[in-house]
Amino acid sequence: MSEVVVSVRNLQTTFHTRVGPVRAVDGISYDIGKGRTLGIVGESGCGKSVASYSLMRLIEPPGEITGGEVLLHGEDVLGLPDAQMESYRGSRMAMIFQEPMTALNPVLTIGYQMDEQIMRHTGLARKASRERAVEMLEMVGIPSPRERYESYPHQLSGGMRQRAMIAMALSCEPEFLIADEPTTALDVTIQGQILELIQGLQERLHMSVQFITHDLGVISEISDDVLVMYAGTACERAPTQALIDGPRHPYTVALLESIPRLGQRASRLPAIGGMVPSLYELPAGCPFQNRCPRVTDECRAARPSMRALAPGHEVACFNPVTA
Amino acid sequence: MTPLLRATALRKHFPIRKGLLLRETGRVRAVDGVSLEVRQGETLGLVGESGCGKSTLGRTLVRLYEPTDGSLEYKGEDLLAMRGERLRSMRRHIQMIFQDPFASLDPRMTVGQILAEPFKVHGACPPGERQDRARMLLDKVGLKSSYLNRYPHEFSGGQRQRISIARAMALNPELVVADEPVSALDVSIQAQILNLLKDLQQEFRLTYVFISHDLSVVDHFCDRVAVMYLGRVIETAPKDELFASPKHPYTQALIDAIPRVGAGKRKMKAALSGEVPSPIAPPAGCHFHPRCPRRHDGCERDFPRLVDVGGGHRVACNLYEESAAVAQPRSQPIPGLGART
Numbered sequence: 001m002s003e004v005v006v007s008v009r010n011l012q013t014t015f016h017t018r019v020g021p022v023r024a025v026d027g028i029s030y031d032i033g034k035g036r037t038l039g040i041v042g043e044s045g046c047g048k049s050v051a052s053y054s055l056m057r058l059i060e061p062p063g064e065i066t067g068g069e070v071l072l073h074g075e076d077v078l079g080l081p082d083a084q085m086e087s088y089r090g091s092r093m094a095m096i097f098q099e100p101m102t103a104l105n106p107v108l109t110i111g112y113q114m115d116e117q118i119m120r121h122t123g124l125a126r127k128a129s130r131e132r133a134v135e136m137l138e139m140v141g142i143p144s145p146r147e148r149y150e151s152y153p154h155q156l157s158g159g160m161r162q163r164a165m166i167a168m169a170l171s172c173e174p175e176f177l178i179a180d181e182p183t184t185a186l187d188v189t190i191q192g193q194i195l196e197l198i199q200g201l202q203e204r205l206h207m208s209v210q211f212i213t214h215d216l217g218v219i220s221e222i223s224d225d226v227l228v229m230y231a232g233t234a235c236e237r238a239p240t241q242a243l244i245d246g247p248r249h250p251y252t253v254a255l256l257e258s259i260p261r262l263g264q265r266a267s268r269l270p271a272i273g274g275m276v277p278s279l280y281e282l283p284a285g286c287p288f289q290n291r292c293p294r295v296t297d298e299c300r301a302a303r304p305s306m307r308a309l310a311p312g313h314e315v316a317c318f319n320p321v322t323a
Numbered sequence: 001m002t003p004l005l006r007a008t009a010l011r012k013h014f015p016i017r018k019g020l021l022l023r024e025t026g027r028v029r030a031v032d033g034v035s036l037e038v039r040q041g042e043t044l045g046l047v048g049e050s051g052c053g054k055s056t057l058g059r060t061l062v063r064l065y066e067p068t069d070g071s072l073e074y075k076g077e078d079l080l081a082m083r084g085e086r087l088r089s090m091r092r093h094i095q096m097i098f099q100d101p102f103a104s105l106d107p108r109m110t111v112g113q114i115l116a117e118p119f120k121v122h123g124a125c126p127p128g129e130r131q132d133r134a135r136m137l138l139d140k141v142g143l144k145s146s147y148l149n150r151y152p153h154e155f156s157g158g159q160r161q162r163i164s165i166a167r168a169m170a171l172n173p174e175l176v177v178a179d180e181p182v183s184a185l186d187v188s189i190q191a192q193i194l195n196l197l198k199d200l201q202q203e204f205r206l207t208y209v210f211i212s213h214d215l216s217v218v219d220h221f222c223d224r225v226a227v228m229y230l231g232r233v234i235e236t237a238p239k240d241e242l243f244a245s246p247k248h249p250y251t252q253a254l255i256d257a258i259p260r261v262g263a264g265k266r267k268m269k270a271a272l273s274g275e276v277p278s279p280i281a282p283p284a285g286c287h288f289h290p291r292c293p294r295r296h297d298g299c300e301r302d303f304p305r306l307v308d309v310g311g312g313h314r315v316a317c318n319l320y321e322e323s324a325a326v327a328q329p330r331s332q333p334i335p336g337l338g339a340r341t
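If you read the sequences in order, they're chains A and B.
Just so we're aligned: 48 in this note's numbering is position 48 of the first sequence, and the numbers increase by one with no gaps anywhere.
Just so we're aligned: 174 in this note's numbering is position 174 of the second sequence, and the numbers increase by one with no gaps anywhere.
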């Protein structure tokens, strides 16, 4: 594997609620190499977004990072003083979101917001920063970037806003980008444009990318490795093709079977019965036990931890599906 | 055979009014001349990107919106001419399921009240029997009948969608227009709801109009597909035919853009540049021509008609217009288009 840029070790994020602590992320670990893309896939509430916010240290009370390490080139960012973390955000690690308006300030122009970030992180003067911002807007494929620099976010379409947010996130050339469902709200042809853009920029800037999505098709086409999450835990991690061709965790198997695929003719989809358990009332043992066709007493008694079944292929399951 | 529902040159425009006098300053041409048939027992998929008019068309088909122009026939009868009691009784046969199961259920009504509402409105069942019928409906959609006294907020998205489906089934409809019924749901729940809709279709011989932006779901679920772009149907064909040999450059791009599981990591190549133009001032001629990789002289002038290229496959594109009889494109396909890189 190439040089490891990001290494997450046993990350744990807890929300202190009225009913007690809820482990939204419960001990996940992974590495991302230079220039590589890790896809994190899972259904609503599986903790994939909370994990990403945790990496950026954007968790606010009642949430709290309660354990683990996030190493950026070996340095634990969870232990950094706030001021230093602030200088890392945007310049060394950046994040883009599903809904660009969560990241853009509606009352400031796109240009103003970009300048603010560029001047802060690079120390460029306003004029030079402006040139840089316009250059970035052009690089992400926004037509007439000079005019758009003066625009307010609401004056742009959804796809263009997404591009503007990407331009802003990448304006200081971070080495690590977290993309949280960046194409989920977009139409499929616009999604193609944005994915092409992220890939192109990744190549150009040699970024490592953590790409979160619920869409297995997108994961399959853009990531090198995949982490599957369920109810706050990691259940399988593998190189993308190995995971798609030979999933070992019963949840991954079921997830892959339940999606309609183009050209596949079946009158019924093999659906996963039941629902994701509430994080408030997780069963002891494996969180997938109540929906799992392979469940045994062992699964009810203890939670399986990740173990390697093949090089680079890890599964948290006592009875993995045979390859 | 008379189709169950036939729309002819259907239009739905929304006026844009400005100023003190609310003068009409423009029109959103949400649906702009759509002709299509829905046949008894089939599932017709309506696909397209945001703003293509598929939802407006769905709502116009059930007369939630009054069309601006055009005609609508239900079993050969003029649906738009119906008034009063006749229209009310017709409405029992046509139901709708919405995308957002959080917005389409009244939060202050219990599930029992929600499901009894259709009976109340249509006087369809004596008040004493309504709760029993509601229980049966819950059972049909796979929910416990003990849920009758609960409120919508106590349910997950998938369960709420089941309640919406139960409500739509209450009056034994013939036609159900489902507007993105699984788009807000997680994939594992999506499969459950699609299976439920299939089961109900078989049991009650339902006809569906299934509106979706997700072509993989449409490919799985529908029998025939109509592709929309800026208020018009630009291509319609039986599902297998459409996905195997899409004719319209837009449909080709749309199918090409679907991320596929197991295709392997690839260098993404956007199938189309640009965005859908505004339906307030759609481009002249073929609405798609500013983004079309195969446009030629005349596309910005001539408005293509839907022409039959054989086998129930109809396409509105100038490439096929003149040579409709032989079903050959006028020019050679551009290499790379439609092919995966």
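It is possible that some hints are incorrect.
[Stated by the list, open to error] Below, computed lysine-lysine pairings styled on DSS-like, alpha-carbon distance capped at 27 Å:
no.: 1; chain 1: A; residue 1: Lys34; chain 2: B; residue 2: Lys75
no.: 2; chain 1: B; residue 1: Lys269; chain 2: A; residue 2: Lys34
no.: 3; chain 1: B; residue 1: Lys198; chain 2: B; residue 2: Lys75
no.: 4; chain 1: B; residue 1: Lys265; chain 2: A; residue 2: Lys34
no.: 5; chain 1: B; residue 1: Lys239; chain 2: B; residue 2: Lys75
no.: 6; chain 1: B; residue 1: Lys120; chain 2: B; residue 2: Lys144
[Said to hold, decoys possible] If you anchor each label on the Cβ, the simulated ranges turn out as follows:
no.: 7; chain 1: A; residue 1: Asp76; chain 2: B; residue 2: Glu117; range: 52 to 60 Å
no.: 8; chain 1: A; residue 1: Met101; chain 2: B; residue 2: Gly19; range: 41 to 49 Å
no.: 9; chain 1: B; residue 1: His153; chain 2: A; residue 2: Gly312; range: 17 to 25 Å
no.: 10; chain 1: A; residue 1: Glu135; chain 2: B; residue 2: Asp223; range: 29 to 37 Å
no.: 11; chain 1: B; residue 1: Leu80; chain 2: A; residue 2: Gly273; range: 39 to 47 Å
These aren't lab readings, by the way, just hints derived from the structure by calculation.
C-beta: ideal position from N, C-alpha, C; glycine also.
Tested hints:
1. Lys34(A) x Lys75(B): Violated. Lys34(A) to Lys75(B) sits at ~63 Å, over the 27 Å cutoff.
2. Lys269(B) x Lys34(A): Holds, at about 23 Å.
3. Lys198(B) x Lys75(B): Answer holds: Lys198(B) to Lys75(B) is near 23 Å, not above 27 Å.
4. Lys265(B) x Lys34(A): 17 Å, holds
5. Lys239(B) x Lys75(B): 24 Å, holds
6. Lys120(B) x Lys144(B): 22 Å, holds
7. Asp76(A) x Glu117(B): 52 to 60 Å: For Glu117(B) against Asp76(A), whose Cβ atoms are near 57 Å apart, the range 52 to 60 Å holds.
8. Met101(A) x Gly19(B): 41 to 49 Å: 29 Å, violated
9. His153(B) x Gly312(A): 17 to 25 Å: 43 Å, violated
10. Glu135(A) x Asp223(B): 29 to 37 Å: 51 Å, violated
11. Leu80(B) x Gly273(A): 39 to 47 Å: Hint holds: Cβ distance 44 Å, inside 39 to 47 Å.
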